[in-house]
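Student: Heads up: the sequence lines are chains A and B, in that order. All residue numbers for the first sequence refer to our numbering, where the first residue is 428 and numbers rise by one. All residue numbers for the second sequence refer to our numbering, where the first residue is 230 and numbers rise by one.
It is worth saying that the hints were derived from the structure and are not from the lab. Please note: incorrect hints may appear among the correct ones.
[What the hints assert, rightly or not] Capping the alpha-carbon separation at 35 angstroms, the derived lysine-lysine pairs in DSBU-like fashion look like this:
1) A:Lys594 / B:Lys335
2) B:Lys628 / A:Lys516
3) B:Lys310 / A:Lys732
4) B:Lys374 / A:Lys516
5) B:Lys335 / A:Lys516
6) B:Lys443 / A:Lys516
7) B:Lys364 / A:Lys732
8) B:Lys536 / A:Lys594
9) B:Lys443 / A:Lys595
10) A:Lys732 / B:Lys406
11) A:Lys731 / B:Lys536
12) B:Lys536 / A:Lys595
13) B:Lys728 / A:Lys731
14) B:Lys628 / A:Lys595
15) B:Lys480 / A:Lys732
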Amino acid sequence: MNDFINALALFLQSAVTMGTPLLLATIGGILAEKVGHLNLGVEGMMLMGAVIGYVTGINTGNPFIAIIAAGLVAALGALIYAFITVSLKGNQIVTGLALTIFGTGFANFIGSSLVGVTLPASVKGALSDFEMPILKDIPILGKMIFSQSIYVYVSLLLALLVWFYIKKTSFGLNMRSVGENPAAADASGINVTLYKYINICLGGFMCGIGGAYLSLVSVPSWQDNITAGIGWIAVALVIFATWNPIRAIFGAYLFGAIQCLDYKLQNVKFNFFGNPFTINAQLLSILPYFMTIIVLIFINIRKKKENQPPAGLGSAYFREER
Amino acid sequence: MKESYIELCDITKVFGPVIANNNVNLSINKGEILAILGENGSGKSTLMNMLSGIYRPDSGSIRINGKPTLFRSPKDAISAKIGMVHQHFKLVEVFSAKENITNGLKNGFIYKNKQLSKEILALANRYGLSIDPEKKVYDMSVSEKQTVEILKVLYRGADVLILDEPTAVLTPQEIKKLFMILQNMKKDGRAIVIITHKLNEVMEISDRVTILRKGESVGSIETCNTNPKELTDAMVGASVNLSINRPENIKGLPLMEIENLTITSPEKVNLLDNVSFTVKKGEILGVAAVAGSGQKELCEAIAGLQKVASGNIIFNSEDIVGLSPRAIINKGISMSFIPEDRLGMGLIGSMNIIDNVILKTYRAGKSPFIDRKEGKKNALQIVKKFDINTPSVYHQVSKLSGGNIQKVLLGREISLDPELIITAYPTRGLDIGASHKIYDVINDQKEKGVGILFVGEDLDVLLELSDRIMVLNSGRVMGIVDAHKTTKEELGLLMMGMKQEVAQNV
Numbered sequence: 428m429n430d431f432i433n434a435l436a437l438f439l440q441s442a443v444t445m446g447t448p449l450l451l452a453t454i455g456g457i458l459a460e461k462v463g464h465l466n467l468g469v470e471g472m473m474l475m476g477a478v479i480g481y482v483t484g485i486n487t488g489n490p491f492i493a494i495i496a497a498g499l500v501a502a503l504g505a506l507i508y509a510f511i512t513v514s515l516k517g518n519q520i521v522t523g524l525a526l527t528i529f530g531t532g533f534a535n536f537i538g539s540s541l542v543g544v545t546l547p548a549s550v551k552g553a554l555s556d557f558e559m560p561i562l563k564d565i566p567i568l569g570k571m572i573f574s575q576s577i578y579v580y581v582s583l584l585l586a587l588l589v590w591f592y593i594k595k596t597s598f599g600l601n602m603r604s605v606g607e608n609p610a611a612a613d614a615s616g617i618n619v620t621l622y623k624y625i626n627i628c629l630g631g632f633m634c635g636i637g638g639a640y641l642s643l644v645s646v647p648s649w650q651d652n653i654t655a656g657i658g659w660i661a662v663a664l665v666i667f668a669t670w671n672p673i674r675a676i677f678g679a680y681l682f683g684a685i686q687c688l689d690y691k692l693q694n695v696k697f698n699f700f701g702n703p704f705t706i707n708a709q710l711l712s713i714l715p716y717f718m719t720i721i722v723l724i725f726i727n728i729r730k731k732k733e734n735q736p737p738a739g740l741g742s743a744y745f746r747e748e749r
Numbered sequence: 230m231k232e233s234y235i236e237l238c239d240i241t242k243v244f245g246p247v248i249a250n251n252n253v254n255l256s257i258n259k260g261e262i263l264a265i266l267g268e269n270g271s272g273k274s275t276l277m278n279m280l281s282g283i284y285r286p287d288s289g290s291i292r293i294n295g296k297p298t299l300f301r302s303p304k305d306a307i308s309a310k311i312g313m314v315h316q317h318f319k320l321v322e323v324f325s326a327k328e329n330i331t332n333g334l335k336n337g338f339i340y341k342n343k344q345l346s347k348e349i350l351a352l353a354n355r356y357g358l359s360i361d362p363e364k365k366v367y368d369m370s371v372s373e374k375q376t377v378e379i380l381k382v383l384y385r386g387a388d389v390l391i392l393d394e395p396t397a398v399l400t401p402q403e404i405k406k407l408f409m410i411l412q413n414m415k416k417d418g419r420a421i422v423i424i425t426h427k428l429n430e431v432m433e434i435s436d437r438v439t440i441l442r443k444g445e446s447v448g449s450i451e452t453c454n455t456n457p458k459e460l461t462d463a464m465v466g467a468s469v470n471l472s473i474n475r476p477e478n479i480k481g482l483p484l485m486e487i488e489n490l491t492i493t494s495p496e497k498v499n500l501l502d503n504v505s506f507t508v509k510k511g512e513i514l515g516v517a518a519v520a521g522s523g524q525k526e527l528c529e530a531i532a533g534l535q536k537v538a539s540g541n542i543i544f545n546s547e548d549i550v551g552l553s554p555r556a557i558i559n560k561g562i563s564m565s566f567i568p569e570d571r572l573g574m575g576l577i578g579s580m581n582i583i584d585n586v587i588l589k590t591y592r593a594g595k596s597p598f599i600d601r602k603e604g605k606k607n608a609l610q611i612v613k614k615f616d617i618n619t620p621s622v623y624h625q626v627s628k629l630s631g632g633n634i635q636k637v638l639l640g641r642e643i644s645l646d647p648e649l650i651i652t653a654y655p656t657r658g659l660d661i662g663a664s665h666k667i668y669d670v671i672n673d674q675k676e677k678g679v680g681i682l683f684v685g686e687d688l689d690v691l692l693e694l695s696d697r698i699m700v701l702n703s704g705r706v707m708g709i710v711d712a713h714k715t716t717k718e719e720l721g722l723l724m725m726g727m728k729q730e731v732a733q734n735v
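Please build the complete structure, drawing on both the sequences and the hints.
Tutor: What follows is the structure, given as structure tokens:
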């Protein structure tokens, strides 16, 4: 029994590790979508953050500066997106896709000289697992949540902060109204453009540090296409979480668990009436993406008014339109 | 004479080729209700949108207390204590009343839930408005939404309240209540500007009227020194006969009988609940209802566009429930449903008049190619018969004015020689002259023995045009009354679902 609990705790610990970049990117997506902007550049911004975080980590040896730099470069990517979609009223889908393509190329270009270069010990050490005193002894949860990198604690804190901002502050009320009905927000005296810019860039920042988690903590080395599509899962997770950062925590860890399952099951020998077999590894790696589709189907069956996407999602706002 | 609080001087606003306002002058005084009267498209809303900071004037100036002021955004207008209740409400559907009222204000960092509720209730009580601060907008009736909009403006401390067509969606009783509230605000020293094209309302509530015609101010007059006839002539620019003709109906046979029709929404709400009525040949059956009472679903069900849960639609002694829209059109039912955006269900905006006319008849030809010759002939006939103002029949429909779009739609439907015409809001957005032309067309059809289901929003028109009026409330038939004998008040009570009170009054 103890063995089982230990195995479960270890499994959940790696689920949280895998889910953390998803969580950060999902929060980023939520921030942009809550002001009415579907940003499909999540994957690209994550890659930008991952590579800049890694470069900065190597060159400064300071994990804090590395993470901030990762966030800032992704926020810069989001700023380009915001300029095109908010100010120039360009198409959000196309712009987002372009940002992903740009981010991928950007990361491959900078990353080409990084393959094989390792992080300084100062960075690795600071971001390695940190066991919270007392809390670490809680069964299962202690291992799962409280024996993680500081990065994980910060991501949880950020999720709570963003939730508080959206649901409980006056600014959050204003930003929600911008996403729901920009004309109403404008008529109420809210600076629609400013709210959109700030939240889109803040969202980009989150995606960037989500990407940097991959290159600094979970992998941690540089490889091409280090995100491997989790930016796209994050886009779906925004819907799964019904635009709620707290629900995003559960969604991200669930998908983290599914990804872990993929690695774990590859090595398990099953026995079917005396015939030993293993599950095909390629088949298993489909799992998270397959689950995304299943989840999206179920989410879209559910129809509660509050769980619907922001009403203004995807459309540009012209004040003088008639 | 007292100094005007707000003065608009030589305001001009141009949208592309359209001059919406041309050198308009207007003054607003405190403690006064000013009506701005004008036909649709005369530039009333544009002018007020400039005063509320949504649009920026191309030239001219706005003076407040004699000081020239420039509004860069609605925020500036709010700081100048000007607030507007827009015709199409600007509310966030998933927010509560309270959230809508307070959003955009400096309420401190953390949203003070309880304190704000108290403030809103206190404000509402002061003016006799009733409101539940926690109620979500998507659960509200139109008049509740309007109350939220009014409170939103008041909460921002507006001294000038602009209401754009506030009565268009209200029942007579709700209008009375609104007017009482406006009087309260006037006594409180605020200035009220009410935009409308309804003369009786101008006479009832306003102290002064400013009339706009084709983007220009025609003049201002004290309400007590004028009469509806004079106002109409000023508004239209020519002498107009206000009465609507109603030919005697020919006591025809039943054309369409609807029996226990029920339609449910995906959320299992009854949009239409056990509705039964008959449309006879050669009669106009008016339908009166507050927006969203099931009139849209009714029209769509008859045209075959809505799934019917139960009940029958017997047309010429044949049940047409479940038939495809095309089969229904072939049976001689014609729908000219004109939704709010005018184009939506009837016409395709990006196509020209000919192609829109062909849309319902192109299948008649035997060749696999479309025969545009016949279509052109038809289109030319429709343009001539209905006096449609267009450069040519090749003109894109969405570029026509609202009135002409409606005429194309109605013209096409009538050219098919239908036995039943369903028409909803056929005069929405039309000026008085164009509206009367549409009424004449409908009356012509009636005299030919066509049955007409007429969904209207102006009760005065319904009373004058229809033979009988059916009133819907939340998808139920509240009553079918004789249009010759009923009154606006009775219709209003029925529209609000107060059947008993009507019975007591009679």
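Student: Would the hint linking lysine 536 of chain B and lysine 595 of chain A be met if the CA-CA limit is 35 angstroms?
Tutor: Not satisfied, since the Cα-Cα distance of roughly 42 angstroms exceeds 35 angstroms.
Student: Within 35 angstroms, alpha carbon to alpha carbon, are lysine 628 of chain B and lysine 595 of chain A?
Tutor: 46 angstroms, violated
Student: Could you grab the alpha-carbon distance between lysine 364 of chain B and lysine 732 of chain A and see if it respects the 35 angstroms cut-off?
Tutor: The hint holds at about 13 angstroms.
Student: If you draw a straight line from the CA of lysine 374 of chain B to the CA of lysine 516 of chain A, is it 35 angstroms or shorter?
Tutor: 30 angstroms, holds
Student: Hint check: lysine 443 of chain B vs lysine 595 of chain A, CA-CA at most 35 angstroms. Holds or violated?
Tutor: With Cα atoms ~48 angstroms apart, lysine 443 of chain B and lysine 595 of chain A exceed 35 angstroms; violated.
Student: Lysine 480 of chain B and lysine 732 of chain A: Cα distance at most 35 angstroms?
Tutor: 48 angstroms, violated
Student: Would you check the hint for lysine 732 of chain A and lysine 406 of chain B, treating anything up to 35 angstroms between C-alpha atoms as holding?
Tutor: Measuring from Cα to Cα gives roughly 31 angstroms; hence the hint holds.
Student: What's the verdict on lysine 628 of chain B and lysine 516 of chain A, does the C-alpha distance respect the 35 angstroms limit or exceed it?
Tutor: 23 angstroms, holds
Student: Hint check: lysine 728 of chain B vs lysine 731 of chain A, CA-CA at most 35 angstroms. Holds or violated?
Tutor: 33 angstroms, holds
Student: Compare the distance between the alpha carbons of lysine 536 of chain B and lysine 594 of chain A with 35 angstroms, and conclude whether the hinted pair is satisfied.
Tutor: 39 angstroms, violated
Student: Does the alpha-carbon distance linking lysine 594 of chain A and lysine 335 of chain B stay inside the 35 angstroms limit?
Tutor: 16 angstroms, holds
Student: With a cut-off of 35 angstroms on the C-alpha distance, tell me whether lysine 310 of chain B and lysine 732 of chain A pass.
Tutor: OK: lysine 310 of chain B and lysine 732 of chain A at ~34 angstroms, within 35 angstroms.
Checked against the numbered hints above, the structure violates hints 8, 9, 12, 14, 15; every other hint is satisfied.
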